[in-house]
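Asks: Listed here are the chains, written in short residue letters.
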Amino acid sequence: MSIIRSRTAQVAVVAATAGALALTGCSSNSNSNAKEKTKTKQDAASQAKAVVFGDAAASTGPAAAVAGARSGGTATVYQEDDFSHLDPGQIYVSDGGLLSKLLFRGLTTYKEDAKGNQTVVGDVATDSGKMSDGGKTWTYTLKSGVKDETGHEINSADIRHSIERLYAPFITDGPVYIQQWLSGGGTAYRKAYAGPFKGNKHLPDSVLATPDDKTVVFHFKDAQPDLPQALAMAGYSIVPEKTDTQAKYDTKPVAIGPYKIAEYKSGKSLKIVRNTNWDEKTDATRHAYVDGFNIEYNHDKDDQTKTILADRGEAKNAIMFTGQVATNELKDVVQDPAAMKRTVQGYAPYVWQLNFNMDRVKDKRVRDAIALAMPSTAVYKADGGAYGGEPASSLLSPTTPGFDASIDPFNRGKKPNGDIAAAKKLIDEAGAKGMKLVYAYANTPVRQQQAVLIADALNKIGLDIQKKEIDSATWYEQMGKVKNGLDLYMTGWGQDWPSGNTVIPPSFDGTQIQDGSSNYSHTNDAHVNSEILRIQKITDAAAAAKEWAKLSQYITEKINPAAPIYYTKVFQIAGSNVGGLRYSTVTSYTDVTQIFLKK
Amino acid sequence: MLRFLLRRSSGAILILVLISAFTFFMFFAIPQDPAMLACGKNCSPDALAIIHKNLGLDKPVLVQYWNYMYGIFAGRNFDVGHCSAPCFGVSFNNQQMVWDTIKDRFPLTLSLTAGGLIVFLTGGLSAGLIAAAKRGTWLDKVFSGVSLVMSSFQIYFLGPVVLGIFVYSTGWLSKPKYVPFTEDLAKWFMGLLIPWLVMATIFTANYTRIARSSMIEQLQEEHVRAARAKGMGARYVFMRYAWRGSLIPIATLVGMDIAALLGGGMVTELVFSLNGIGRLARDSVVDKDLPTLMGVMLISAAFILIMNVLVDALYAVIDPRVRLA
Amino acid sequence: MTTLTQTEDAKAPTGSDAFLSVRDLRVQFSTEDGIVKAVDGLSFDLERGKTLGIVGESGSGKSVTNLSILGLHNRKATSVEGSMMLDGQELNGASERDLEQLRGNKMAMIFQDSLTALSPYYTVGRQISEPFRKHTGASKGESRARAIEMLGKVGIPDPKNRVDDYPHQFSGGMRQRAMIAMSLVCNPELLIADEPTTALDVTVQAQILDLLKDLQQEFGSAIIMITHDLGVVANMADDLLVMYAGRAVERGSVREVLKAGQHPYTWGLLGSMPRLSADVNEPLRPIPGSPPSLLNPPSGCAFHPRCEFPSLVAGDGKCSTLRPELPTGRAAACHLTAEQKQQVFIETIQPRLV
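Protein chains in written order, with full-length UniProt numbering: chain A, 1 to 599; chain B, 1 to 325; chain C, 1 to 354.
Isolated chain A (complex conformation):
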């Protein structure tokens, strides 16, 4: 998941972190509570395993049936905001990712088992990809019989077009990994190629080749071992060449997945129905048990929770996409065993961290003291509670391969609410008593509350914290400025796919520091920079995962540019008639490809 920039994405994160009341004091529930927590810890363990690249057998459809599933019926989806985009090339954020699971297909996708173990498999391709030339060349062969909603069979030209169109100027909101890997970092790729719409030019075969109808070959300058995972992003879904309407595509895309758009009323509702040209035999991961989804916008999380909890009428068939159980109704949900059976929960990939502006807070002892003093428990509870988060000990999320809960440099395990004594000692050692630091936060209720907690803790250890409130609408813009004039600021980051590669480089690559960059701490460490380059070339996913974890540990322990504060968790509820409920680690919400209606 990207940094949270658009409104929808902001809502997603707010929802993801708005969570719950603290329930620890409630004795009658403490047992079941503990169980629940253990369960999620186990889930996290599987979530953190390195992703497996699946072969042809794993990529062959149909997907294993869901126990007890039946076909038919229309599910209702209550959603707060409209999707930012329907053009898959513009989809980056989670809600769009959820929808794209139903509407679109890419070369690859994730297959999840009931435990959350993930395998990257071929979706439209026959497998997760054949790597050669040390990871610089990737070859994909297409399955037969994959058709879009018009009946057109997807061929290699469509794949090439799907990649090429991402260079067009109207595509601005989607992921840029593959474009940059193929044609150059930053926005250089746009200068190298302006897309297929101007003068019908294609990328040269030395970059992207389609030797025959069924074969696509990517040639990268550097090794790109993560390509199968990047290709599984919603943003790299296939847009058939002939029916691409360019800018207009964002309002009426062509479906390849099990569902297609029947009616779209921007900002109001979206109805999707079966795509009769989708063949489950070609699809290793998706089911399409329900006949369609009626997605209604403008239901805030209170509304969603109340309506689904009341479980009347069409709400019996309802699920949440990016909504979460609202704090106000949390108690009603967790104290009702029948309602709890209708919930799903798991870790979201976000880590909230307190960035130090490395240009200004130069003494590591001060940074360490601040990290030690962080009142993680109070801070995440202000954003939800037991169901909304957990104290974070690492910059990697529990969902990121290589995550190791035992690495805990700031003693979160024993002192989840801050080790004031240890921190104070460090401040005294550094002679930083009375040091003035500016703590910036967005002007939303949650962030304001957290600011009080954080400033209190830091004042306690002898610092002089100046709180500075910033308009939430311009928050990331302000933080993204290199000369932002601030010392401390909390930001959230989530992986784009389960790999440290989508966490460490965006946040700590010192060669990328510029206005708008997501290296908010302005970390520029020679060792980190060189390690990033080295690890990115490792083609073995498990080995890479270990290296990213090691680098993450190095960053935290040796540099400490950002103090981990809390991980976010997702807690959703569905109507009583919805079957096949499970948490999807890939989308970090209810798995929409599994659900069915019981009657």
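Don't read these hints as lab results, they were simulated from the structure. There could be a bad hint or two in this list.
[What the hints assert, rightly or not] Simulated crosslink set (BS3-like; lysine-lysine; CA at most 27 Å straight-line):
(1) A/248 - A/201
(2) B/134 - C/37
(3) A/248 - B/59
(4) B/59 - A/271
[As the list claims (entries may be wrong)] Taking beta-carbon pairs under 10 Å as the criterion, some of the chain B residues facing chain C (in silico):
(5) 187
(6) 227
(7) 228
(8) 230
Model, not experiment: these values are computed from the prediction. We treat Cβ as the ideally placed atom computed from N, Cα and C, and that holds for glycine.
Take the given structure of chain A and dock chains B and C to it, following the hints.
Replies: For chains B and C alone, kept in the frame of chain A given last:
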């Protein structure tokens, strides 16, 4: 009358132009960049520049304004196709023609306004008239007291309470939902019943109070007494002489309320999860969606101006002194 | 000065054969502060074709009396006691329905300010013809013709066209005429004119008064003329009733009261009236003090706090303890003896009036 309308509408157009300019330039005066919302990850100055160009934000603000205003009358071409007049541009947020979105949202807002208006006018005016006629009796005190309490309610308080009781807890009524009445009259009615009643509760109180107080004021007018002195019956004088005079403040209030509601009963729409003009207005601000914001502002302003002209025309119908002055 | 002692045939309450006979009328409002005795034991008679002037300061009970006759007082908050016989029919306690039949028909009222008393929302013609239709059952066309006729009678030029005008299109004098037309449209036998000319300028005032006199002659109506303007009374009225604090303090023919007033309050009114013949340097003599509160009227003679002559009255402080009654006939409610009254009037008051 024709001259009156001509004079008023030319003034209205001038005001609309001023409002449009104000909105447009204010939008650029506040430090915000709508392009940020479409810039995704790794947003760099270069990437922003491309989006600026896509949205037309790279041109001078004055040129942008001119293009926008020109489009309203003559239509414009966009990447997503031709936008015929009246063209309020293409949303920054979702590539939809703003005018289409407004047309799509308007029926709900109109239904909400019309239904609510009928409920609160009938309820409010009859309660007010009865209270005025029975001034000082227990009936008057009950009506006045109830309306005082009701008017201190707010939709964002009353709405969730009503939903909680009648929808979530008991399930007696279904959740508010808009179904076009052309599609299913009964569903349209049932779907909007709660918003109408909740809205009406608050508005009814205002109308009860204004009808009561202006009737009481009118009943103390000398001409009302003079009519009684001529031997005209109490009811006749009440309904002809006093009521006629009360119409002016009531018409003023109705006009303002209709304009405000057509411009979007934002709170009502948000509380009941309905998608009308009000919700659109809020979203356009949150999304920094200038074309949609402009469209909604202009439509709302136009309603206010139209209602003003209508109310003024109505004054002339009600009061001959205005007509001939 | 024989005229001063001469007793004319005052139209005092002598019997019930009068057209309008009011006996011991008491009107009280209850307010939050207490009970207001707006009219307190008022009696008078009026014959057909005659005009009774009622004078007094604001709040003396003039208007309340007339509203009570018409039954237009606020019934819930007001208690009316006593008798008001109109042509043998008791008005006090009459049903609203009966009163509606009488109002605008047998008895009508001319209001002080035609600008407020005519509805701005309906044409003059409609407002004139409305009571005519109601009381005579005439058709729309007939009542319109009647309205035009009446407008002509009250001296509106081009009544055929003006009948469709709205009140604000009329000048003040014309509007007053229109209102008179509205009152007279059913030939009322009793006409109550409440300060009918106060709001008009002097020349128009005279015209309107002449008009009223002419119309009275034509229709033979009895008129109650309420005013604080003694000049108007002198011009119009046959008899005069002076009211103070809800009570009649002096009664007599216009000539008697104006030429030989017997009550110190009447003297005060006379003295405060400007005269053309007076020296410009001669100041007016307003009555000192202000009208009493009717919530809590002064004890004894209500006028005593403002009276110049209580010291002349025999008996210690009689004026502030004993309320003087108004005898029947030509009389004044004052403790001064007849001789004292005459003496004071001749020696003190008359010189002021020259």
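Asks: Now tell me, hint by hint, if it's right for this structure.
Replies: Tested hints:
1. A/248 - A/201: holds, 21 Å
2. B/134 - C/37: holds, 25 Å
3. A/248 - B/59: holds, 22 Å
4. B/59 - A/271: Given pair residue 59 of chain B, residue 271 of chain A is violated - Cα atoms ~38 Å apart, limit 27 Å.
5. 187: violated, 44 Å
6. 227: The hint holds - residue 227 of chain B has a Cβ within 10 Å of chain C, the shortest such distance being about 7 Å.
7. 228: holds, 6 Å
8. 230: holds, 4 Å
Of the numbered hints stated above, those contradicted by the structure are hints 4, 5, listed in ascending order.
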